[in-house]
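Participant: Residues per chain are reported as follows:
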Amino acid sequence: AQTIHQWPVAEIKAVGSPLSLGCTIKGKSSPNLYWYWQATGGTLQQLFYSITVGQVESVVQLNLSASRPKDDQFILSTEKLLLSHSGFYLCAWSLDWGQDTQYFGPGTRLLVL
Amino acid sequence: GDSVTQTEGLVTLTEGLPVMLNCTYQSTYSPFLFWYVQHLNEAPKLLLKSFTDNKRPEHQGFHATLHKSSSSFHLQKSSAQLSDSALYYCALSVNAGAKLTFGGGTRLTVRP
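Note that the protein sequences, when read in sequence, are chains A and B. Last residue of the first sequence: 113 (the numbering used here), numbering continuous. Last residue of the second sequence: 112 (the numbering used here), numbering continuous.
In case anyone wonders, no lab produced these hints; they're calculated from the structure. Being a predicted model, the structure only gives us computed values, none of them experimental. None of the hints are false.
Below, simulated DSS-like cross-link-like pairs (lysine-lysine); rule was C-alpha separation at most 30 Å, straight line: (1) B:Lys99 with A:Lys26; (2) A:Lys70 with B:Lys45; (3) A:Lys26 with B:Lys45; (4) A:Lys70 with A:Lys28; (5) B:Lys45 with B:Lys99; (6) B:Lys99 with A:Lys70; (7) B:Lys45 with B:Lys68; (8) A:Lys70 with A:Lys80; (9) A:Lys80 with B:Lys99; (10) A:Lys13 with A:Lys26; (11) A:Lys28 with B:Lys45; (12) A:Lys13 with B:Lys45; (13) B:Lys99 with A:Lys28; (14) A:Lys70 with A:Lys13; (15) B:Lys99 with B:Lys77; (16) A:Lys80 with A:Lys13; (17) B:Lys49 with B:Lys77; (18) B:Lys99 with B:Lys49; (19) B:Lys68 with B:Lys99; (20) A:Lys70 with A:Lys26; (21) B:Lys49 with B:Lys68; (22) A:Lys28 with B:Lys49; (23) B:Lys49 with A:Lys26; (24) B:Lys45 with B:Lys77.
Stretch by stretch, here's where chain A covers chain B in the computed footprint (C-beta under 8 Å, at least three residues): (25) 41–49; (26) 99–111.
Here are some of the chain B residues that sit facing chain A, going by a computed Cβ distance under 10 Å: (27) Pro31; (28) Phe34; (29) Gln38; (30) Tyr89; (31) Ser93.
Heads up, the beta-carbon is just placed ideally off N, CA and C, and yes, glycines get one too.
Working from the sequences, and respecting the hints, build out all of it.
Facilitator: So this is what it looks like as structure tokens:
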């Protein structure tokens with residue numbers, strides 16, 4: 001069975017500080033990986049997707065970056081946090097795109113003060 | 001670009017009454033449509049998705065019909081249950097890409 005793990009569970013960070021969020025998928029090789037952001041009370045916004053190791057495509061610009069250093073790992077980061085980065089960050093995976101279901105991880109809650 | 005519209009931000013129902021959550025979309029291509037459900041403090045998970053052969057998807061008593069003529073994929077259930085209270089998202093993807101576009105979401109509250 002596939003499992004998706006995100007870390008940390010929650011973070012409180014200061015404006016201007018760096019951030020690194022992680023996501024690991026076990027039990028599935030070469031998945032498509034995604035990062036989403038959900039503002040409090042807001043909808044889900046796809047940020048990045050990756051089809052293979054080392055390749056990441058940006059969907060929206062939010063002063064964030066993503067990397068896929070390993071087949072089963074997806075990292076979201078920034079060198080300088082903004083207040084607007086607060087929210088719920090979700091990692092997801094799928095076998096393929098298009099009709100394929102995306103499976104979401106438990107998420108990381110981020111509060112920027 | 002692609003877009004998904006959910007007209008109701010908040011729907012409150014009494015248990016046992018029928019549920020209908022609206023979803024309309026715009027897309028250049030022939031898209032796939034999904035309904036995701038997110039319970040409080042949980043991650044979203046798939047409720048149902050459209051089929052390429054136009055079969056009507058059903059899950060947990062919910063069903064949705066893709067109407068290409070009206071660009072709609074409304075979610076329905078004949079009788080609401082208390083456990084149906086959650087945030088429901090309609091989403092769209094096209095076969096040629098990895099982007100999944102979500103609507104604004106509808107918060108369904110079912111009361112006794």
